[in-house]
Every structure is written in C-alpha cells, then in structure tokens.
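Working from the sequences, and respecting the hints, build out all of it.
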Amino acid sequence: MSCLITLSHAPYGSQVAKESLDVALVLSAFEQQPAVLFVDEGVLQLLPGSQIPSPHKHIGKILSALEMYDVNELWVEQESLDQFGLAIDDLSQTVNVVTRIHLGQLCAQYHQHLVF
Amino acid sequence: MAGFSYMSDLNMAASPSLDPTSLTYAIVVRCGPHQQSRALSAFQFTKEVLLQGHKVLSVFFYQQGVHTASGLRVVPQDELNLTVLWQQLSLDYDLDLGVCIAAALQAGITNQQEANRYELGSDSLASQFSLVGLGQLAAACAECDRLVSFGGD
Chain A
1 MSCLITLSHA
11 PYGSQVAKES
21 LDVALVLSAF
31 EQQPAVLFVD
41 EGVLQLLPGS
51 QIPSPHKHIG
61 KILSALEMYD
71 VNELWVEQES
81 LDQFGLAIDD
91 LSQTVNVVTR
101 IHLGQLCAQY
111 HQHLVF
Chain B
1 MAGFSYMSDL
11 NMAASPSLDP
21 TSLTYAIVVR
31 CGPHQQSRAL
41 SAFQFTKEVL
51 LQGHKVLSVF
61 FYQQGVHTAS
71 GLRVVPQDEL
81 NLTVLWQQLS
91 LDYDLDLGVC
101 IAAALQAGIT
111 NQQEANRYEL
121 GSDSLASQFS
131 LVGLGQLAAA
141 CAECDRLVSF
151 GGD
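Top to bottom, those sequences are chains A and B.
Residues 1 to 116 in my numbering are what the first sequence lists, from first letter to last.
Residues 1 to 153 in my numbering are what the second sequence lists, from first letter to last.
Worth flagging that the hints you see were computed from the coordinates, not collected in a lab.
Hints may contain errors.
Output of the computed footprint for chain B on chain A, the stretches with three or more beta carbons under 8 angstroms from beta carbons of chain B [what the hints assert, rightly or not]:
(1) 3-16
(2) 70-77
Not the full set, but computed from the structure, chain A residues with beta-carbon under 10 angstroms of chain B [said to hold, decoys possible]:
(3) Leu27
(4) Phe30
(5) Glu31
(6) Leu86
(7) Ala87
(8) Phe116
From the three backbone atoms N, C-alpha and C, an ideal C-beta is built for every residue, glycine too.
See the structure below:
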C-alpha cells in the first residue's frame, strides 16, 4: 500500500505540522511507502533556517529525518510556491514540483491519501 | 488494489457468512467533539458503514480528535455527547477505538497506567477507548480496503 500525505499547515503555531510528519515517519517504519505533498502554507515547512518558537520541535529536523526513513518522494505544488514568492532553490529539501492541474493524476498513483 | 482483493474474496467460498461485497474500513477522526458537524459526520459515517455490513478495523483518534476520548467532558443535556455515542457503538459492534497516546497525554487524557507512570493525580480516559501508538494507524492503513479521514481545523 502506498499513501500520499498532503500537508497544508504552517510549520509552527499548532502541533498539526509535526503530527502530520509523524504519520509519514510511522507509515514508512511500517513499510507503507508514504510520499509527502506540500500545499498552501505547508510549503513554509520547507524553508531552511527558520527560528524555532520555543514550545515546538524543529520541523526542519523532522524533514531531514524523512530521508533516513526512506521517505524520498517529496512533492510541492507550484501554485503554493508562487503564492509565497518562493522558488524551488529556496527550499531545504530536494522536491518534485507538480502543478495544481496535475494534482489529480498524482493522487491517483497512490492507494490512499491522507490530507492534513 | 482494493478492487483486486475484492475479486479474490469472491473466489473464497470457504466462509459463506462473509458478504463478498463488504469492505474493510479504517477511520481516522482528527476533529474534536466541539467541532460538532464534522465530528458527528465521522460518527454517523462509521455507524452507517457498520449498519451496511462492512467491517471497521479500527477508529483512530488523532490531533483534536483525542478530546472525544476524555471521560471528564460534560455536555449540555440538550446536546449530543459524542463520547457516549462512540462508546455505545463500540459496545454494539465490538469496535476498536484507538487514541494516539502522544496526542492524548498532551491533552490531559490518560489511563490508569500512564497516570501512574507520570505520577498524575488521576486518569481521564473514557471507557471503551484505548491509548495506542501511531503504529496502529499504520497497521490499519496496511490492512484496510478504504481509509477515511475526518479532518481538523
């Protein structure tokens, strides 16, 4: 079973981003081959060198653990990058870019889709 | 893929009681009980799936959803108490109600064992719910034909 996990929350301000990434890590530990798609404010999780608001875990550290957990397939939506004036070179991870019009095709490649 | 296993079920004559059109579901509840309409949708969908003869492997409460498992919530008398509804559904259908242990402990929802471990004054987990790891969600994802998640915010 492969699972696409869509993350649409900003890295800090709530536990949602961290909890969503935890699901990706656990699915991978259970050999579920998760892939991660960043959309909307979720793309902000990929900004390097952000300051850590004290009550939160550093999202960048969890993201860098993804590769160790064999979560190699990271996607980011082009329109979400545009919305924040970001380019792919600004991001902390190597990602694949998908345009909004092709999101449906991307989702269809996976058995399951969890949206956070 | 789910369709594929469904076809192979058709060929299994070994268990005649197994309805060949029934599917296995895993339900994820990420909305809190205060988000009435969403939280109620999660409950009603699960109930309907069971009524129609499908199997629900587990219901997994995560993020805001863990508050559903609090045994210390008091709901106004003229409002639905989702905790009680889930408990009754669990009793009626022998339904497994799993609550993410990390999220639950942060929300002050704890069973006797964890209360002792962290030297807390009391426990607060409602009956029929159990504290489990995220691994149970991953296992349910692996086994189910359909994964249905009811969202937060």
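message: Using the nearest Cβ pair, does leucine 27(A) come within less than 10 angstroms of chain B?
response: holds (5 angstroms)
query: Any CB of chain B closer than 10 angstroms to the CB of phenylalanine 30(A)?
result: holds (4 angstroms)
Hint check, phenylalanine 116(A) versus chain B [nearest Cβ-Cβ separation less than 10 angstroms]: holds (8 angstroms)
- prompt: In terms of beta carbon proximity below 8 angstroms, does the segment 3-16 of chain A have 3 or more residues touching chain B?
  reply: Contact hint for the segment 3-16 of chain A vs chain B: holds, 3 residues under 8 angstroms.
Claimed coverage, the segment 70-77 of chain A by chain B - three or more beta carbons nearer than 8 angstroms: Violated - the segment 70-77 of chain A has 0 residues with a Cβ nearer than 8 angstroms to chain B, which falls short of three.
message: Quick check on alanine 87(A) please, does its C-beta sit within 10 angstroms of some C-beta on chain B?
response: violated (28 angstroms)
message: Can you verify the interface hint for leucine 86(A): is its Cβ closer than 10 angstroms to any Cβ in chain B?
response: At about 23 angstroms, which exceeds the 10 angstroms cut-off, the nearest Cβ of chain B leaves the hint on leucine 86(A) violated.
task: Let me know if the C-beta of glutamate 31(A) comes in closer than 10 angstroms to any C-beta of chain B, holds or violated.
output: Holds. Min distance 8 angstroms.
When each numbered hint is compared with the structure, violations occur for hints 2, 6, 7.
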